[in-house]
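Undergrad: Fit chain L to the supplied structure of chain W, relying on the hints for placement.
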Amino acid sequence: MKNMIRASFYKLFHDKATWISLAGTAAWSLFVSVMLTWIADGKLNASDAMAAEKYWRDFMGYHAVMVPLLVSSIVLFTSEFKDKSWKLFVARGISRAGYYFSKLPCILTLAVMLSFVAITIGAAYGVVVLGMQFNAILAVLLLRYFMLQSVAHGTAAVLILTVYFLIKVSEVSSSINTILLMFGTMALSKIETALSLGDALTGVWAFAQPLRVSFAGADDWIWILIVFAAYLAACSLAVILFGVRGDVE
Amino acid sequence: MSNIVKTKALTKKYHGFAAVDGVNMSIEKGDVYALIGENGAGKSTLMKMLSGLAAPTSGEVILFENKHPEVARFRMGCLIDSPALDSRLTVRDNLEMFSRAFGCHKEGEVDRILELVGMKANANKVIKKTSLGMKQRLAIGIALLGSPDFLILDEPMNGLDPMGIQEIRQLLKKLNAENQTTILISSHLLDEVSKVATRYGFMKAGHLIQELSNEELEEKSKTCLRLKVSDTAKAAMVCEKELGTNNYEVIDAEYVRLFDYVDESAKVVTAMVRGGVEVGEMVRVGESLEEFFNNLMTAREEQ
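In the order they appear, the protein sequences are chains W and L.
At the far end of the first sequence sits residue 467, using my numbering, and the numbering has no gaps.
At the far end of the second sequence sits residue 1386, using my numbering, and the numbering has no gaps.
Worth double-checking, as some hints may not be accurate.
[Unchecked claim] Partial pick of chain L residues on the chain W-facing surface, computed with a CB cut under 10 angstroms:
hint : residue
1    : C1187
2    : V1209
3    : V1333
FYI, nobody ran anything at the bench for these hints, they're computed from the structure.
Think of the CB as a built atom: it goes at the ideal place given N, C-alpha and C, for glycine as much as any other residue.
Looking at chain W on its own, in the form it has when it is part of the complex (with noise of 0.2 angstroms):
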């Protein structure tokens, strides 16, 4: 297990498709901001409170993080499982639950690294652009989201990685993943009306918890955390019971 964590971080740190993420990451973030600040004409003021926390929101909502995360785990496992380069772990006798929690480190650093570059740029053109006041307050307020904001999109990237453990087949792994970020909470938004839930659904929907981590911290961070473990510990258990049979193809 020791073994294959070293390997995995190997190949996530030698894999240029890994710095490629982080500079699109980089571009998409500044892309959002202004975009974020051509929508508001020009009138977005993130010195204020409550127009910092709309921007933040707004830069969560066009998927900031989201979507380069998706993209650099599309490529990262599409050449594990299309290149059928996982077989050879397991001819060499380590075990097929063992290879998915040799990965479970290897993408969540991934999220925080894809979150730091985000929140820097979304930060760094607040402060240079729209006149954000840099002081101690805002650099606890930062730390304070960016932490958050990685444990929220490491819910995600434990769900992203599991459906590609389960399924085994790139191209419909990466379907299903696409389809979960770009309709999953709009679907289950629709459900929660239709049937007056609130926001039952979308409350533990792991590619919707970015939207929940608030700037100024009113936030519920606890169930952050706690919609987390769930679903490390639930997409274990599904890895445990029904990804470690059947023949490697």
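TA: Okay, now just chain L, sitting in the frame of chain W:
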């Protein structure tokens, strides 16, 4: 000699169709075991079951004498089907990654493998820009990481040029001779296989129909005179009494194979005629592995 692989009634069925059917085989330490059969005979499926990529429908695989298969597989290196490499990493990065995963990463290990498979000059090439032959060499290199005791190589010569085939053959011979590495190999290039194999297993329609040692195969394929005679019992008597040899074989009601007097066909015909045996046909034959395989498959079909 210790047992590296032992299978007991090993069977794999796909939707009721038996790809491998009740195979009992054993591979001893130091063997180079060639698995030979037509496409769809079950060779790859058998290899997949040995390497843990396919679960047997029934039967048992015992690796390294009853050790837990997951543990035993750390001592095995495999190349099954096409080379399974990470196409976006370089040749060196693939070896670095797999060596870490296999727990055999140490200073110089990757360079040793690059040297062994002749890939040093291409170490920094990205896999998707390499030829099939290079991929095949690297896949063999990955199987060799950590110097495994047992190698499973499914069609390792695929995509290699003649020089590459020769190099890989020499490498396998060297590993077997110097490290006592046990090798299970399948290939369509029967003549190539016959240059490295010490034992053969012939498969057809999921069954292991015959196992032979190199010596047994040589015995079966050695040069002889094949005679079509009017009476095989009389021909046998002529062999023993007139020609004074027991080194013959009655194949069926018409044919006899004589392993002596191969270069003295006139003497054989004279003795047969003198003994009252009509000789309808006399051919000097020597079966190569390919001929032996073809004859075995034909005989099996006729059965």
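Undergrad: Given C1187 of chain L as an interface hint, is the shortest Cβ-Cβ distance to chain W below 10 angstroms?
TA: Given a least distance of 9 angstroms, the restraint on C1187 of chain L holds.
Undergrad: Any CB of chain W closer than 10 angstroms to the CB of V1209 of chain L?
TA: holds, 9 angstroms
Undergrad: Is the hint on V1333 of chain L kept, meaning its closest Cβ partner in chain W is under 10 angstroms away?
TA: Since the shortest Cβ distance to chain W is 47 angstroms, the answer is violated.
The structure fails to meet hint 3 from the earlier list, while all remaining hints are met.
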